[in-house]
Amino acid sequence: MTPTFDEVKGGYALDADVVVVGSGAGGAVAAANFAKAGLRTVLIEAGPPVTPDEMTRDGKTFLSKYYWEGGLRMLVGSGAYPTMSGRCLGGSTVVNSAITFRLPDWVRKEWIEDSGLSHLEGPALDAAYDRMFEAVSAAPTPLDVMGRKNEVCRDVLDAAGVPNKPLPRAVKGCIGAGDCLTGCRQGAKQSVDRSILPQAAADGAQIMPWSHAERILFEDGRAVGVEGRVVRTEGRVQTGRFTVRAPKVVVAAGALHTPVLLQRSGVTLRGRVGGTFAAHVAGLALGVMPEPVQPWRGATQGWGGFSPHVRGLKFEALWGPTALMAAEWGGVGPSLYRMMPDIEHAAMVVLVYRARTKGSVRAKRNGMPDPRLWIPAPEVAVVTREAHRLTEAFLKVGARYVFTGVKGLPDRIERIDQAQGLLSPHLRGRHLTMTANHVFCSCPMGPDPDRSVVGLDGRVHGVPGVWIADASVFPSPSAVNPQMTVMAMADMISRQAADLPLV
Amino acid sequence: MKLPGVLQRWFDRTWRRGMVASAEALFPEWPGGIDFRQADVIARTEAYVLGLPPTQSPLVQLMFLALEILTPVLSPIGPRFSRRPVQVRLRMIEHWREGWFLPTRLLGDAVRATMVMVYFSHPTVMAVFGEPVDGDPVKADA
Ligand SMILES: Cc1cc2nc3c(=O)[nH]c(=O)nc-3n(C[C@H](O)[C@H](O)[C@H](O)COP(=O)(O)OP(=O)(O)OC[C@H]3O[C@@H](n4cnc5c(N)ncnc54)[C@H](O)[C@@H]3O)c2cc1C
Ligand code: SF4
Chain Y
1 MTPTFDEVKG GYALDADVVV VGSGAGGAVA AANFAKAGLR TVLIEAGPPV TPDEMTRDGK
61 TFLSKYYWEG GLRMLVGSGA YPTMSGRCLG GSTVVNSAIT FRLPDWVRKE WIEDSGLSHL
121 EGPALDAAYD RMFEAVSAAP TPLDVMGRKN EVCRDVLDAA GVPNKPLPRA VKGCIGAGDC
181 LTGCRQGAKQ SVDRSILPQA AADGAQIMPW SHAERILFED GRAVGVEGRV VRTEGRVQTG
241 RFTVRAPKVV VAAGALHTPV LLQRSGVTLR GRVGGTFAAH VAGLALGVMP EPVQPWRGAT
301 QGWGGFSPHV RGLKFEALWG PTALMAAEWG GVGPSLYRMM PDIEHAAMVV LVYRARTKGS
361 VRAKRNGMPD PRLWIPAPEV AVVTREAHRL TEAFLKVGAR YVFTGVKGLP DRIERIDQAQ
421 GLLSPHLRGR HLTMTANHVF CSCPMGPDPD RSVVGLDGRV HGVPGVWIAD ASVFPSPSAV
481 NPQMTVMAMA DMISRQAADL PLV
Chain C
1 MKLPGVLQRW FDRTWRRGMV ASAEALFPEW PGGIDFRQAD VIARTEAYVL GLPPTQSPLV
61 QLMFLALEIL TPVLSPIGPR FSRRPVQVRL RMIEHWREGW FLPTRLLGDA VRATMVMVYF
121 SHPTVMAVFG EPVDGDPVKA DA
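Protein chains in written order, with this note's numbering: chain Y, 1 to 503; chain C, 1 to 142.
One or more of the hints may lead you astray.
Selected chain Y positions facing chain C (in silico; Cβ < 8 Å) [what the hints assert, rightly or not]:
hint, residue
1, Asp58
2, Ser64
3, Gln294
4, Ile343
5, Glu344
6, Lys396
7, Gly398
Just so you know, these hints were derived from the structure itself, not from any lab. Each residue gets a CB set at the ideal place from its N, CA and C atoms; glycine is no exception.
Bound conformation, chain Y alone (with noise of 0.2 Å):
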């Protein structure tokens, strides 16, 4: 099914219907459509296929060979925050932690409405998430596998006034090992290189791993297929070059590699194309309980809810190996020693929020993505205030001392007098403490050619042959996760470019 290394290492050229770029939700998706279809379809991927053996829980090394660079790639802007994005096939849903959920209604309704994406009105959508649900066996965290972490999320979600409750997962057979950002040892997680491209390779789409593409290339002012390098994993090394001659070209690699594509092959509608960029701003909340909590045993995020209080704002539980987790938290030398035994007793509450943010994405000479994200101040009050209520609930359940990794705030805050400084109107987007992994926006959909990128088929504007199928094309922030309307979003898209039906 999926060639070697060694059978693509010195390079190949293909002609086939369609090529699409990036093996990610969007991507794996549109294969799997173009595929079934009939259509000849050639899916290449810059990183390599992982398998569960393949995976460790070392933080340090999973992320240096299956993230885009190293995990260690940083949002500049209002501060500098991480934003990690997998590079392997299957992309981000490799290493996310599953969570499903559909746009919330109010959010679609802003999409269609402000937006002009009037074809989500109807039930095509509906029936692409359904698919997509399906695809990837979503359902509720069970309750054996949440491990205390989850627990004490829900009493703090309880003590906070926040509804609550497990959340659904694509996930089959998890037992809660906790690993879900470093892949799923289990081979439970159900990621897209488990749960679509099998099917795609079934249908006949070749799966060309190892393969980054650099440019698009185009005759007549017409896509006519990509080009690139194949790539090593170990020290990212060329190998051989390849081509893929194609009338159909999508672009499918995620929110910050897409712009960067288009850019770097000479598309860039005046600018538009990564003009615009967004991302979940988040917080955090971490409590030391008085009991064992052993934050690694239980499903990596198994529980949450939305908040009642502000909208677009959700609460989540989460852990994943604490050398990934302690990057902030606790000092140096003595304090850190004497932190240690606190980690057993650990768990966090993160807060996930819709903020009103500005951003772009451009190429860097490099070819890797710069990406900038500025968060106003009174965004930033909304995170720092609900993680005020996060603390003032974690210290009602009981911790001994909670940490928000909010800059100029103590690190242990026992008495609740001591986090008033969350309140401060002075607080900023570099006080915060955040990682950025759910990033979108930055090749719009819209009806408009002067105010998007895409059209609603996902057709470049003006661009005939290049169609866009990943998360850069949401008009604004989808207030939940997003990769199941990434789905949901390319099968529609790619359905269309496919002539299969929508419903």
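Starting from the known structure of chain Y, arrange chain C with the ligands on it as the hints suggest.
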């Protein structure tokens, strides 16, 4: 990134000095603590840095280099980072991380985050709080 011979040797030597000096400062010998030697922080950080993708590895090396040579500018009165006593280095990083000046705060945070990631993935350190390593069976509510 490849520099002319002499410069490359200076670069390699200097970032390593900054890295070793940070390891000594962040994980010092202390009763009851697992220090940088026991957690093999120096060799493991070097392997990590050199194993990063080529866009990232030089940046992390530059970070340690900046720490080493810019210290006299960022924190005047005193020599290079590695020539200051361990206690002073420790306090400097703490101070930067708590401070308002964004460049030193980012530098302090980045150095700490890199080294803590290496430190906390050592089996001896993980055993202190009981986190499983590869190969250990894990079950949520066993
Ligand atoms: C740590 C983490 C946790 C998350 N948790 C959740 C969650 O629980 N639920 C949820 O809904 N969402 C979650 N997300 C977000 C979700 O995974 C993404 O929104 C979604 O995968 C985006 O889909 P995409 O197709 O746009 O991009 P991706 O899935 O990132 O796929 C893009 C693919 O394109 C490839 N590519 C890039 N450039 C090129 C190129 N030039 N040539 C060839 N290939 C290229 C990449 O390697 C990648 O495989 C999380 C993300 C992260 C990083
Ligand atoms: S919690 Fe563990 S078993 Fe469940 S999907 Fe994540 S990594 Fe796999």
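A quick look at each hint next to the structure:
For aspartate 58 (chain Y), the suggested interface contact is upheld, since its CB lies about 5 Å from the closest CB of chain C, less than 8 Å. Interface hint at serine 64 (chain Y): satisfied, since its Cβ lies 6 Å from the closest Cβ of chain C, which is below the 8 Å cut-off. Of the supplied interface hints, the one on glutamine 294 (chain Y) holds, with its beta-carbon coming within about 7 Å of a beta-carbon of chain C, less than 8 Å. Taken as an interface hint, isoleucine 343 (chain Y) checks out: its beta carbon lies about 4 Å from the nearest beta carbon of chain C, inside 8 Å.
For glutamate 344 (chain Y), the interface hint holds, the least distance from its beta-carbon to any beta-carbon of chain C being 5 Å, beneath 8 Å. Look at lysine 396 (chain Y): its Cβ only gets to about 25 Å from chain C, farther than 8 Å, so that hint breaks. Restraint check, glycine 398 (chain Y) versus chain C: the minimum CB separation of about 20 Å is more than 8 Å; hint violated.
The structure does not agree with the numbered hints 6, 7 stated previously, though it agrees with the rest.
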